[in-house]
Each structure stands twice: as C-alpha cells, then as structure tokens.
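Residue numbers (the numbering used here), protein chains in the order written: chain A, 560 to 766; chain B, 52 to 315.
Just so you know, the hints here were simulated from the structure itself, not pulled from any lab data.
We treat Cβ as the ideally placed atom computed from N, Cα and C, and that holds for glycine.
Keep in mind that a hint or two might mislead.
A few chain A residues facing chain B, derived, Cβ under 8 Å [said to hold, decoys possible]: (1) R585; (2) F586; (3) P589; (4) T654; (5) L656; (6) R662; (7) S742.
Just a sample of chain A residues kept apart from chain B, beta carbon distances all over 12 Å, derived [stated by the list, open to error]: (8) P588; (9) H620; (10) G623; (11) C631; (12) G648; (13) A655; (14) S667; (15) A669; (16) A709; (17) A735; (18) A740; (19) A743.
Below are the chains, spelled out letter by letter.
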Amino acid sequence: MSPANARIEAEPAGSRLPVLLWLAWRFLPPLDRRDQRTLMWIAVSCGYLAAPLTVGLAAKHVSGLTLLSLVCLSAPALPVWWVSAIPLGERRRETALALRQARINTRSAAATSIGRQLAYPAAGAILGTVLITVVHGPLAHVLPKQAPLAIALRNSAGRWPLAAVLSVILLVALTAVLSTARSAEAYAALRRRAARLGRREAAPQPQ
Amino acid sequence: MEQCPIVGHSGRVSLPSDNPVLNAVGLTFPADGSVLRGAHLAVGEREAVAVLGEAGSGKSVLLAALCGMLAPASGTLWANGRPLHALPPEQRQSLFRSRFGVLPQDCRILPELTVAENVALPLRLAGMNKSLAIAQSRIWLERFEIEDHASSPAAGLTQPVLRRAALARAMVGDPVVLLADEPLADLAVQTAESTARILRSIAVSHGTAVVVFTRDPMTAAYFGRTIKLADGRTDAQPASPPPAAVPLLAGEGVGFSLPLGPAR
Chain A
560 MSPANARIEA
570 EPAGSRLPVL
580 LWLAWRFLPP
590 LDRRDQRTLM
600 WIAVSCGYLA
610 APLTVGLAAK
620 HVSGLTLLSL
630 VCLSAPALPV
640 WWVSAIPLGE
650 RRRETALALR
660 QARINTRSAA
670 ATSIGRQLAY
680 PAAGAILGTV
690 LITVVHGPLA
700 HVLPKQAPLA
710 IALRNSAGRW
720 PLAAVLSVIL
730 LVALTAVLST
740 ARSAEAYAAL
750 RRRAARLGRR
760 EAAPQPQ
Chain B
52 MEQCPIVGHS
62 GRVSLPSDNP
72 VLNAVGLTFP
82 ADGSVLRGAH
92 LAVGEREAVA
102 VLGEAGSGKS
112 VLLAALCGML
122 APASGTLWAN
132 GRPLHALPPE
142 QRQSLFRSRF
152 GVLPQDCRIL
162 PELTVAENVA
172 LPLRLAGMNK
182 SLAIAQSRIW
192 LERFEIEDHA
202 SSPAAGLTQP
212 VLRRAALARA
222 MVGDPVVLLA
232 DEPLADLAVQ
242 TAESTARILR
252 SIAVSHGTAV
262 VVFTRDPMTA
272 AYFGRTIKLA
282 DGRTDAQPAS
292 PPPAAVPLLA
302 GEGVGFSLPL
312 GPAR
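Looking at chain B on its own, in the form it has when it is part of the complex (with noise of 0.2 Å):
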C-alpha cells in the first residue's frame, strides 16, 4: 500500500496555485461577513487539497459557496477559467451538475437501488443507456475497492461501503472539481488511509482538483496541501484570475467584485 505523507500542514499553507482549476476570491456571506468574510481558495489541476476548520468556522457554507447551493454576497468564483459567478443561475446550476462531484458530509444513498445503480445514477440521467452506465459504474467502484457490493443493495450496508459508494457516485461523471465534506469521518484508520490515497491518485491520474474540508488535522494532513479556515476567513492569498477567460453569456460582466447574486 501507498504510504500516507504525513505532512505537517505548518510548512505547506497558503501557496496559491499557479494555474487553478477553481479559483474563489474574496467569497463573503452573508453581506455582513458574518460567515464568510473573504475567503480565498485556489486549487489547481491534479492537486488535493484540505480545508481545515473547526466547527462554526464556516467551512460548510465555504463548500454550499463553492459547489453552488448558496450565492455569496460578494466574491469571484472561476472553475476552469470559467467566470461562475457571471452566469444565469440556471447556467450556474447546470455547469455545477455537469463538472462538480460533491460528497455531503450526510451523504445518502438510495436503499432501494443497488450500490452500482446508485452510483450510474447520474449518468442515466445525463442519458447514458442502463448497460452502459452499470459497467461505467462498476469501474468506479472497483476503484474504491468495494466492487464486491456492486450488486447488493445499498440497505444495509456499513458506512465506510456507503461513503465510498458515495464518492464514487460524485466521481463517476468524470468531474473538474470534486468537492468532498468529511470524506474520512467515522472510518477506520486503514480505510480512512486507503480513502485518502485512492483521493490523492484520483487526482493526479483524472486531473481533477480534489478539496476536502475537514475538522481533522490528521485528515488534512493525508493531503498535499492544506488551507486553513478561521473565523470565516482562509490563511490562502488570492490567485490571479485566468487573463484569457472568456465569459460563457455575451454582454455578462467578467471580473472582480462583481456579486454572485442576492444573499440568501
């Protein structure tokens, strides 16, 4: 098995990606900053990254900010060198469904369907036939080593099986960015460790940029790099946004500072 780096995240904060894949600047909610008060987040392609916090210091509202579910009150936020926060939030909503795979720190999986239907789930809706879609599926799973369940239905299963189902439900649509709640809570150490190591290689052999927010220093510490949140603010600096974007909606602003939509 693949040693775990078990890297002191002291040494390695705040170094913001030369070529991010996701890019949040100055993200606020609510308008007061309450919550979030400028927080920054750069990751780049190939990079695992962990956002650690403790509770209350605003890393789920970072994560519902960053994979859509809530509109900061001011803030940029680019995936891919596309303006998100320029969009429609129709267009923003579909683009997040298309290139995000987000893991909730309560994931469910459907008990009715089995592990592999779960998991080809999001496929079938984006059209894929049933056959096609199982096999696609069974690859993931064997990625997350737990083909053995594939066809057993999901109720009753243990949660390790379950969260890695789930991870490989979020992954399954080949996502840019996958964003990951807690990934590691309540497993095992080993299974915790193989997690993080199936994560780190995702990375690198997909190209996806993988962030786990977690309150756990020995979590963050499975990953390369670390971003530390406190306070609703992160220790990361801004990355420059990419000069060559172009926004998806002609006459839609395109830069900083321009707000993401009414807070909620």
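In isolation and in its complexed conformation, chain A is listed as follows (with noise of 0.2 Å):
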C-alpha cells in the first residue's frame, strides 16, 4: 500500500463520531502524578464545596450570619479549587489545540477535550452532595440548637433533590470559569502582588 492511496477526502460527520469519543475517553485518565494530583484537588474540593452550597440551596430562608457561617466553611476548600482548576483549563486549551492541528474543527476539539473538565468537578461534587443529603438530618441533631448551620439545615424541608442538582451544575460551570486563562491571569497577578508586599516587608528598615 503506498501512502499515496490515503488522501483524504471531505468526510461524512457521522464517521468521526466514534473517533471523537473514542478520544474523549482516552483523555479522561489522568496523564502522570502532577496530573493525579490535580484531578485528586478538583474533585476533593468540589465535593467539600458541595456540602455548604447544598445547604444554602436547600435552605427557605438564608439569615445573614448562616450565610457568613457557610462562607467561613467554605473558606478552605476555595485557594485549592482555584488552584486546581488552573493547570485542568490549560490541559483543556492543550488538548483543543493538538486536536485542531490533526485536522478537527475548533467545536469538535472544544467539545472532545472538556471531558475531564466536567467529568473530575462532576463526580466530587456529586459525591458531596449525596453525602450531605443523607447525612443532614443527624448532623442537624447533632450540632447546638442555635448554631448558623443547624438552623440552615432545619430549615431547609422538601428542597434537597433540587439543590443537590443545582449545587452540581454550579460548581461545574464554576470550575469552568476557573479553569479559564483569564482566571489563570488573574491568578498570576495576585501572585505576583503578593510577592512583592512580601519583598517590601522583608526590606531593611531605615535606621
């Protein structure tokens, strides 16, 4: 067979579909260890992240100190989930750009390399969410009548299948938005405004 014969031709879209998944399931193993790491984060954090946003969801009516109480217990979670979605969305932007130079097109390469991007987020916050909703009740008995979280979780009767869905959706989009260059850019900025608070401050003083 000579590699003449192999021109090709404008192909019918049904044939890439396979090939289009085909792809999308080799990207979502992680790659190496720093790879692992990542998609460990992004996961552990989303499911951690779950819980708080599934009560609020969940929750009639959200005080003020509830919602600053939520906040505090997400607090945690977010420089990691931050962090974690940066080198996801260069991973994405890499693999997008791989697939175009072989040839498909930007909606195809978009759609084919976002896999892990929503597969990792998805199946931490899924397991977060499932969580909390079993264990919100005892952990309602459990905490101090007059705790924020309690009274969140009293008052949250009846709407926990729709929050646990919502609190999913949002924290993929999220990551989605974390995951972003710009958010990468945004992130390298703080960096560096920090490093430089920490210079002056490290800077000899005046005697």
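Assembly of the complex is requested from the two constituent chains, each provided in isolation within its own frame, with the hints serving as guidance.
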C-alpha cells in the first residue's frame, strides 16, 4: 500500500463521532503524577464545597449570619479549588490545540477536550451532595440548636433533590470559569502582588 | 546519507514556478498592509521552497493566510488550479483540511495516544478503519525514521521525535501542499539535515509542494529555492494564474483582486 493512496477526502460527519468519543474516553484518565494530583484536588474541593452550597440552596431562608457561616465553612476549599482548576484549564486548551492541529474543527476539538473538566468536578460534587443529603438530618440533631448551620439545615425541608442537582451544575460551571486563561492571569497577577508585598515587608528598614 | 546541497539563496531567489501548485498573488493583511503588503508566492509540484524572513517580517501571517486560518484583506490564492479565494469559508476550510498539510511552529502531539495513533488520527477522522490507518501511519513513521517509537506513548518522547511525528501527521493524508513553520528549529545539525533530506525527497516522490518558513538562512539553504520576506513583501514575482481554472462554485467570481473576505 502506498502512502499516496491515503488522500483525505471530505469526510461524513457521522464517521467522526466514534473517533471523537474514543478520544474523549482516552483523555479522561490522569496522564502523570502531577495530573493525578490536580484531578484529585479538584474532585476533593468540589466535594467539600458541595456541602455548604447544597445546604445554602436547600434553605428556605438564609440569614446573614448563616450565610457568613457557610462562606467560612467553604473558605478552606476555595484556594485549592482555584489553584487546581488552572492546570485543568491549561491542559484542556493544549488538548484542544493538538486536536485542531490534527484537522479537527474548533467546535469538535473543544467538545472532545472538555470531558475531564466536566467529569472530575462533577464526580466530586455528586459525592459531596449525596453525602450531605444523606447526613443532613442527623447533623442537624448533633449540632447545637443555635448554630447557624443547624438553623440552615432545619430550614431546608423538601428542597434537597433540587438543591443537590443545582449545586453540582453550579460547581461544574464555576470550575470551568476558574479554569479559563483569564482566571489564570488573575491568579498570576495576585501572586505577583503578594510577592511584591512580601518583599516590601522583608526589606531592611532604615535605622 | 544524501549530501545536503548548501545553496546560497542569493542566486536562486525570485524564480516563480512555471506551473505552480500553490500560487498566492498580492496577499495583503490587514487592509492597510501593515503586516503583509502584496506578498507573492508560487510553488510548483515536487518543489521544496523556503520562505526566509526575520522575526516580525510577516512569516506567520503569510502561513496563516496560505493555510486558510486567516482571510487576507486582498489578493488571490490558487491551489492545484482551484481559486480558493472564491470559495465560501466552509468549503475553503474543508479543502484546506483535505489538501494541505500544516506543521505549526508550536506543534502539539496528544500525549495520551501513542505516536502511531497520533499520526493515524487525521485518517481515522476521515473515516478510515483503525488497523488500516495505523498501517498507513507506520509507513510515514518509517519514512521519517521514527518507526521504533510507533507504539510508544507520545508523553515523554524527545522534541525531535515529536516534531518528526507531527511532520508525519501532516503528511499522512497525502496533501498537495505541505506548509511547515520552522520544522528544523531546535534540532541537532545531523537530525536537521536528515529531516530536510526527507522533506525534499517527499516533495519529489509524492509531488507535494513543500513550503518551509524559517528565519534561519542555514535552514533555508537546505531547500531548493529561497523566497525572502521582509516588511510583509516577498522578493518573488507574481506567477500567472492557471488559465483553464474552473471555479468550484457556479456563479462565484474568479480572478484577481477579489477580496478573500473581511480582514480579521
């Protein structure tokens, strides 16, 4: 068989779908240790954030104090979430670029490369929402009656399934926002500013 | 190994091909000509040409215009006797995908796939079954002397191997025109020489018009003819368009000075 026989003709769109699905499947597993760490942290942070988010969305009425307590509860996961979302986005953009160079059109390349950006945050968020949906009853009894979280849990009768679905969607969408190039630029700018502040503080003071 | 003809470009510039496979006439971008101002390029069948220009001379924009990623403000572009400038964007893109092979400077290979799977990807997307596409890709890997890496995952391979794999991927669809941006950059002298030899031999054996964009005169010297690009202008003379060219779309205008579309 000669290589000259392989000229690419205009292909029917249907024949590409199985190949694109196969590619999307191949992109899902982590590639190396660094990648594994990124995906693990993104799933863990989304799982953690799913709990306060679901509680907040399920509550009929959220007072200022309860909102503040939910934000404080979320706070530890927020930096991890942002820092892990940036490499996730970089990887997606590189994959999309490589696919475009392999003659896949822009839209198909974007759709094929987005799999892991959806799968890992969604998996973490689903686990987190399932967990909080199951344990919210016992948790409301265990917490002190005046605790903001206990008040929020007591206010949240009946809306748990909707809140669970909404929080998964919100977490996946917000992960996508955090993994954009603009978000990476904002993070880099923040780090530069923090480093500059650190240097200024460390500079020797005039006697 | 074939001796690389180190030909000074001074004596071999500005000679348009008699029967160009790729013929760009008066490409201008943007409308005020601040990047490209009337660039001409004519490359014949079985010809390997280098476009030599400093950084900022408009090489990347010319390449983008030639491979359909960018619509020049004015000028005409013919490939294999077809007036690409007269085609609607979707048809032009489809034609570029099927008839042009492109090696960008920042060529990317999917690290999740093996080298052979990467090279076979354009064929699989075109509907060829997996085993046939892999067999075809192995022919090209052998041609580029990296068949030993065919079954290796692309992650962790060296840059020269990846670059050759990207060249094999660009050639696997047997394109009419191969456009390569700095294909020999960062390669050791011996590897660069052998890659240039392979590109020249592909031009001859497959009738592919090979156009290499580079800023390095030594790289340009590996190829048969050099076209200099400076300040958005080439030193080549415009070649005549094919007289018997038939437009692909009835009712579309054919000829010179037809705008390719709005400048982006």
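A quick look at each hint next to the structure:
| no. | hint | result |
| --- | --- | --- |
| 1 | R585 | 5 Å, holds |
| 2 | F586 | 6 Å, holds |
| 3 | P589 | 10 Å, violated |
| 4 | T654 | 7 Å, holds |
| 5 | L656 | 5 Å, holds |
| 6 | R662 | 5 Å, holds |
| 7 | S742 | 22 Å, violated |
| 8 | P588 | 8 Å, violated |
| 9 | H620 | 48 Å, holds |
| 10 | G623 | 48 Å, holds |
| 11 | C631 | 40 Å, holds |
| 12 | G648 | 16 Å, holds |
| 13 | A655 | 10 Å, violated |
| 14 | S667 | 9 Å, violated |
| 15 | A669 | 15 Å, holds |
| 16 | A709 | 47 Å, holds |
| 17 | A735 | 21 Å, holds |
| 18 | A740 | 15 Å, holds |
| 19 | A743 | 18 Å, holds |
Checked against the numbered hints above, the structure violates hints 3, 7, 8, 13, 14; every other hint is satisfied.
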